[in-house]
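*Asks:* Listed below, chain by chain, are the residues.
2 protein chains.
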Amino acid sequence: MDCSDSIAFPRRLAALQEGMERAGLDLILLFDRANVRYFTGFRLNRVISSILAIPRDRDPVYLVAQLDLERAKRDCWIERIVPFPEDTPNYLSALAPLFNDKVRKVGMERDVITLAQADYIRELVGPGCELVDVRPLTTRLRAVKSPEEIELIRRAAEIADRAMGEVIDHLRPGASEAELSALAECRMLREGVEGVSFEPFLMSGENGWLPQRISSRKLLQPGELALLDMGAVYDGYCSDLTRTFAVGEVDAEKRRIFRIAYAAQQAAIAAIKPGIRACDVDAVAREMIAAEGLGEYFPHLTGHGVGLSTHEPPILDRDVEMVLEPGMVVTVEPGIYLPGVGAARVEDMVLVTPTGHEVLTATPRELV
Amino acid sequence: MDCSDSIAFPRRLAALQEGMERAGLDLILLFDRANVRYFTGFRLNRVISSILAIPRDRDPVYLVAQLDLERAKRDCWIERIVPFPEDTPNYLSALAPLFNDKVRKVGMERDVITLAQADYIRELVGPGCELVDVRPLTTRLRAVKSPEEIELIRRAAEIADRAMGEVIDHLRPGASEAELSALAECRMLREGVEGVSFEPFLMSGENGWLPQRISSRKLLQPGELALLDMGAVYDGYCSDLTRTFAVGEVDAEKRRIFRIAYAAQQAAIAAIKPGIRACDVDAVAREMIAAEGLGEYFPHLTGHGVGLSTHEPPILDRDVEMVLEPGMVVTVEPGIYLPGVGAARVEDMVLVTPTGHEVLTATPRELV
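Going line by line, the protein sequences match chains L and Y. Residues in the first sequence are numbered consecutively from 1, following the numbering used here. Residues in the second sequence are numbered consecutively from 1, following the numbering used here.
It should be emphasised that the hints constitute simulated quantities derived from the structure, not laboratory data. In this text the structure is predicted, and so the values were computed from the model without any measurement. Fair warning: there could be bad hints in the mix.
If chains are identical, the list can't say which one is meant, so a pair holds when it fits in one copy or spans any two.
[To be verified] Mimicking DMTMM-like on lysine to aspartate or glutamate, the simulated pairs with C-alpha atoms at most 25 Å apart in a straight line are: (1) K218 with E321; (2) K102 with E79; (3) K102 with E148; (4) K105 with D251; (5) K73 with E287; (6) K105 with D119; (7) K102 with E249; (8) K105 with E123; (9) K273 with E109; (10) K218 with D235; (11) K73 with E206; (12) K218 with E312; (13) K73 with D169; (14) K105 with D235.
Using the sequences provided together with the hints, build the complete structure.
*Replies:* So, in structure tokens, the structure goes:
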């Protein structure tokens, strides 16, 4: 998705500008990497920042590090590109020309902008400055994916499937957690992805039910449950996939918690269709696990949206009333972490379709 | 470095508490991942947050996500560990018990804490709240590495060397930038690292001088310069290494900019010893490149500290007066990006020793 040959980006920006008008914002400053990429289409190294500024009545300005200027000019559709110096505390001074007497109400991401950045912006605006959270506007735009976005998410999901298959092929007692998750990561990298969508983790035995959420040097032991959670970033879009494995033969209690976690996941997926609320999908999984007396061992959300971010709305959890719509993509991943026994979780990516849903990840789900 | 079997962490915390006393802070809240790890020794998945709270006259409190609680209790030396709920906007409510009438002056990282977090803390403190940047205190502690830290940095550097060697072995016209940087990344992962210290990038031809700072699908062409910048994270500690390659035969102008960049790097390294200011090391490289008429094509810093973060003080750049001390570890990496010609940069990691310096990375530096 080269941003120069697409009309998607200007259209997205126009939609944001409409919301900006309704919210009475004088200026929007986007710092969040995924938000900036959504509107600019411009890929940056993950350690490098940029800022997209959208004044009310003027063209957008894209602020990039001095070193990224020439590439942004070559590759990005936005016409006004302004450099800022890197590695200096006053890099935000490049923002100053965007401010004038009429700028009072500034939209930005309250969960991303730092205190140092916020204080600097407050100083630029002066008395009467109002910093307003712009997340509601961007979330609404990003939650429903376009056909082009869904295509990229499918590719990311397929790559995760192939990496999971490679780990399944190499699963054996005596392999280390780190070795197997590195295998998954390397397979994804060899497929030409931008990177992993998060630090993958394979956790086995006690590390599973704690849960550990990192891959350690621990070796897999016969009779343990092991769980791998991972995903890729393909042209900016993320995948997220979990499977649970039996290392050698596992006992009946381990098979039981797997069976319950898997059944709860399948039931929650079956409930996904346009019009259902996120909390209602969550309730399906949560109630099934609770009915087996294991409710307290399912301590997290049922799922989350996935796109340019690995975790984004809609969050499938208690109290989340957001209504699912066609084009949304969510994970479904209820889990059970039973001390002394093990951890079991099956996670798939699910697209909401006009008539129901489609599961985007395909690795076999049964305990292997 | 398992934090349970070490006295390093309590000692570091005691040093911070001394600084806290001098600065008159009532409470310190650390959100920065590297800072938290420095004092807790606790490894978390890179996508997961935690907070270390240090009240003035009481024991420290480590706030971790509910899911990380049991593992933190097992693995972390800190006694008071408090869980917070994940994926909810009000996760900071776990901080509330730390506040009382006497807490007014709160130290935190202004460049990391978000506006949402800062506003929540201001509300907890109430009128008279003062949020003070705690970076000067933590920077001072972290800039000089202990022998144990230097050992881990050496390991991270050795792993980067081996990954660079593997790329050199596979360098050939027709290979893609992404394929070769994936090769480096996979090699590091197979060595059991926690991950890469930043998104590695191999940039060739025009992508080099722009510069691109990401690995694309572009194929290497005979006659181009190519440059790979990458590093590993070993037990929390980062490495950072760059080499420049000739793809097939390259012309005299490309060889010339390489020779100048390499000579400037060697001269800057030679200047490193206790007592020299960061800006003076920078000046050595900058003046050599300027003397060749290429000053405007060296648009970044000469180097930076490296440790639990890939980029940390001391920054070797203009105007940085920080004085180098034994135990500091810095990169030295002046570069030349000449439009129409290519990019050349050699980067090594250098330890400041009592008598001078020691170069920690060892991959051959000549153009291959």
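*Asks:* Compare the structure with the hints numbered earlier in the document and write down the numbers of the violated ones, lowest to highest.
*Replies:* 1, 3, 4, 5, 7, 9, 12, 13 and 14
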